[in-house]
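Chemist: Each chain, written out:
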Amino acid sequence: MTALLSVQGLRKAYPGVVANDDVSFTVGKGEVHALLGENGAGKSTLVKMVYGLVKPDEGQMIFNDGAYTPGSPHEARSTGIAMVFQHFSLFEALDVAENVALGMENPPPMRELAASIREVSETYGLPLDPSRLVGDLSAGERQRVEIIRCLLQDPKLLIMDEPTSVLTPQEVDILFETLRKLQAEGTSILYISHKLEEIRALCDGATILRLGKVVGSCDPREKSARELAEMMVGTELKSPAATRHELGDVALTLKNLSVNSSNPFGTSLKNVSFDVREGEVLGIGGVAGNGQDELLGALSGELKSVSDAVQLGGKPIGHLGPNQRRQLGVLAAPEERLGHAAAPDMSLVENAALSAWVRMGMVRNGFIDWAMARNFAEKVIDDYDVRTPGSANAARALSGGNLQKFVIGREILQKPNILIVNQPTWGVDASAAAAIRQAILDLAAGGAAVVCISQDLDELMEISNRFAALNEGRLSEPRPAQGLTIDEIGLMMGGAHGMEVAHIHEEEGAS
Amino acid sequence: MELSINPILLVASLMVASTPILLAAIGEMVVEKAGVLNLGVEGMMIVGAICGFAIAVETGSPAVGFVAAALGGAILSMLFGFLTQYLLSNQVATGLALTLFGLGLSSLMGQGYVGIKPPSTPKLDIPILGDIPVLGPMIFSHDLMVYISLAIVAGVWAFLKYTRGGLILRAVGESHDAAHALGYNVILVRLAAIGFGGACAGLGGAYLSLVRVPQWTEGMTAGAGWIALAIVVFASWRAGRVLLGAYLFGGITVLQLNLQAAGVAIPVELLSMSPYLITILVLVIISSDRNRAALNAPASLGRSFHASS
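Heads up: the protein sequence lines correspond to chains W and Y, in order.
Quick note, the first sequence lines up with residues 1 to 511 if you use this note's numbering.
Quick note, the second sequence lines up with residues 1001 to 1309 if you use this note's numbering.
I should point out that these hints are in silico values taken from the structure, not numbers from a laboratory.
Among the hints, a few may not be true.
Chain Y side only, calculated, beta carbon under 8 Å to chain W, not exhaustive [what the hints assert, rightly or not]:
1. Leu1167
2. Arg1170
3. Ala1171
4. Glu1174
5. Ser1175
6. Ala1181
7. Gly1183
8. Ala1299
Where a beta carbon is used, it is the ideal one built from N, C-alpha and C, also for glycine.
The following block holds chain W by itself, in its conformation from the complex:
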C-alpha cells in the first residue's frame, strides 16, 4: 500500500504541557487507520495539526509525495483533507445547507447545493433535509451534516474524531457501512477513538498514543481488545466490583413526569415514569440531547413539575427547589463540570459549600462556617484522591477527571438517600472512571438509590441493576440490565433513527 499521508517527528508544546512529542505514523491510500489513546493522550492536537488548525513546533508532513504544511483549514481542504469534528463544528441557528456551505471552499449557489446534498445523502444512506435548522436535528443527524459536508468535497483523506460517541449501536453499524464504502472508493480514513471493539472491526492499522508519544503500532485485527487497552493505558485495568446486596423499599418514584425544556433546542420530557429502590442503580442510556439534561433538572429541582410527578418515598416533591430537595437527601451531579456542577473561578472550598451547606449545617445565623467548609472540602479531596495542590485552588485549575472526582465525592459524602448523576465519567481517564464507578456502587451498597444517566453503554451495563433509555424525551420501560443484548439496547434507544444502509454498491461515488 502506498502512503497517502506520512507524519514525521511532529512536536507541539503548550505552556506547561507537551501535547505531542516526536509523533510519526503513516496512512496508506485506501487505508482506515486508527489513532488510539485515552483522553488527553494528544490525539486531538495531532489531527488539528494535520487539518491546519494548529501549527507544529517541529516535524514535517508529506501528503501524496509532496511536502505538506497547512497554514489553515482552507489549505487542508483544498489539498483534499476533510474532517468530522468530535464536538460538532455546526451552527444551531443556521439550516443544513448553510452549514454545509460554510465548510466548503467554493460552494455552489444554495439551490444547487441543496440538490447535491439530497443526492449525496441518498447515495450514502444518510437522509437529510437541507432546509431544516441544525438545532432541531438529533445528534446522529448532526453528524450526517458533518459527514456530507466532507463528502461533497471529494476528500482523499477523511479525519473522524470520535464519531461514534453520539450514536446508537444501530447508527454505528450504518456509519461503518458508509465508511467501508468510502474506503472501497479509495478514500483513506484517519479514525480517532478510544473504543477498542470499533477499531478492531473497522481499521486496517492503528497507532497508539500515550501522553503525547507514540507507544506502538499494530494491526488491530490481530490484537485482542484487552491487549489494545493495555497498550493504551500502560497498566492493567482494575474493573469495579459490585457487591451483592438486597434491595430495599421504593425510594424515588416518577409518575407521568412531563416538563418543558428551558432551552429552545432542548427536548421536553413526555410522560416519564419509573421507580428506584433503595440500594439500586438505575441506568438511563440514550443518545445525547434526548432529554438527559431535562431529566437531571427535573430530579434535582432545577426544573419544577407537578408535585405528584416526583415522589420521594410516596411524598410529593415535584414542586420543591434544589435546596429543599437537598434537605430531603436528593442530591445531583450534573454533566457539565465547569459552570453547572462547579463554579469555575471559585475555590474548591467555596464549591463544596455551595452544594453542601444545606445538609452539612455549614450556615449558622446566615453566616458561613468556613472552617467547616474547608474541612469538608479537604475530606472530599482525601477520600476521593483528587489531585490538587490544595482546597483553595479554583475549580477551573483541576483536570477534568480530578474535578469530576471532586464533584461526585462532594455529593456522596453528604450521604444522599437519592443520587442522580449525569455522565459521571465523561472525559475522564480510565483509572479515574473506575474509581468513580466504584464509589457509585459503594453508595448503592450502603442503601442509597442511584439514577445514573450516561451515554456510555459499557459503563451502564457495568454498574446498573436495571436499564432504561431516553428517546426524544420518552423513557422506555426499565429492564434488568443483566442479559440485555446490544441489539435490544439499541432498539430501546430508538434504533437507527431513520438511517439506512448505503445503497449503491457498483456505481461511481457521487461527489
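Since the structure of chain W is provided, determine the placement of chain Y on it from the hints.
Modeler: Positioned in the frame of chain W, the structure of chain Y alone reads:
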C-alpha cells in the same frame, strides 16, 4: 382647543426624525449579528455628530461632513475593537467606557463650534415622484441621507440573507468556536462588523447635527444611541423590524411634539415618555414568541473569542 396636525408634514418629519436612530440601529445590528455587543453606540454617534459638523463647517460641504462622520465613528469603534478583540477586555464595560469617552471627546472637539450654523444639506428635487400629490411631499422630498439610510437597511438585509459574506458573519456570531474550527478568521470578521457599526453610528450622529437640529450642542444625541441599542434587541436582530422600530420611535416622537404644541390636555411628562414606552411595547409584542426570538439572537453575543484550543 382644536387639533391642527397636518398628516403630510407629520410623515415627512417622521422620516427625518427617525433617520439617526435607524442608521445607528442597523449598524449595531450587524455588530451584534457578528457576536459583539458594543454598548458604545451613543459615544460613536456623538463623535460622528461633531466630526461631521466640524468638517462640514470647515469645508462648506455637508457631503464631506458625512464622510468624515462615518470615518470618525469607525475610528472610535476600532478602539473598542482593539480592546475587546485583541486584549479581550469585557465588552459591556468597554462599551460603556466608549460612550463616556465619546461624550467627553466630542465636547472637547466641539468647543469652537457652539452656536454656529452648518451649511444646509440640500433636499433632493426628485422630478416625477416629488410631484405626486400627498405622497410626493411626504416621502419623496427629503435629503439624500434619508434614502441612503433606507438603502443601507435593504443592503444589510440582502447581505445577511443572500451573500456568503453574510453567512460567514452570522456563523461567527452564532458559534465562534465552530467558525474558527472551519478556518474562518473570527477576529477579522468581527472587526469589520464593528467598523461598519461605528461608521453607521457616526452617520446617524451627523444627521442629527447637520440636518435634524441643525446645530452643535454638547450631549445632543440625548440617549438616541441607547434607544438604537434597545431597538436592535426588541427587533430580534431583523433588518425589517429595526426599520419598523426606528420609524415607530421617530413617528411617536414627532407626534407627541405636535400634540404638545397643540396643547392637548395630557401631561407633558407622559407625552415625552410615550415614544420610549410605545416603541418598546410594540416590539416586545412582536417578538413575544420566546422561542422564535431566541433563534434569531446570535448565540455568541458578548462572548470573547480566544483561539486557545
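Chemist: All hints are to be evaluated individually against the structure, with a verdict given for each.
Modeler: For each hint, the structure was consulted:
| no. | hint | result |
| --- | --- | --- |
| 1 | Leu1167 | holds, 6 Å |
| 2 | Arg1170 | holds, 7 Å |
| 3 | Ala1171 | holds, 5 Å |
| 4 | Glu1174 | holds, 4 Å |
| 5 | Ser1175 | holds, 5 Å |
| 6 | Ala1181 | holds, 4 Å |
| 7 | Gly1183 | holds, 3 Å |
| 8 | Ala1299 | holds, 6 Å |
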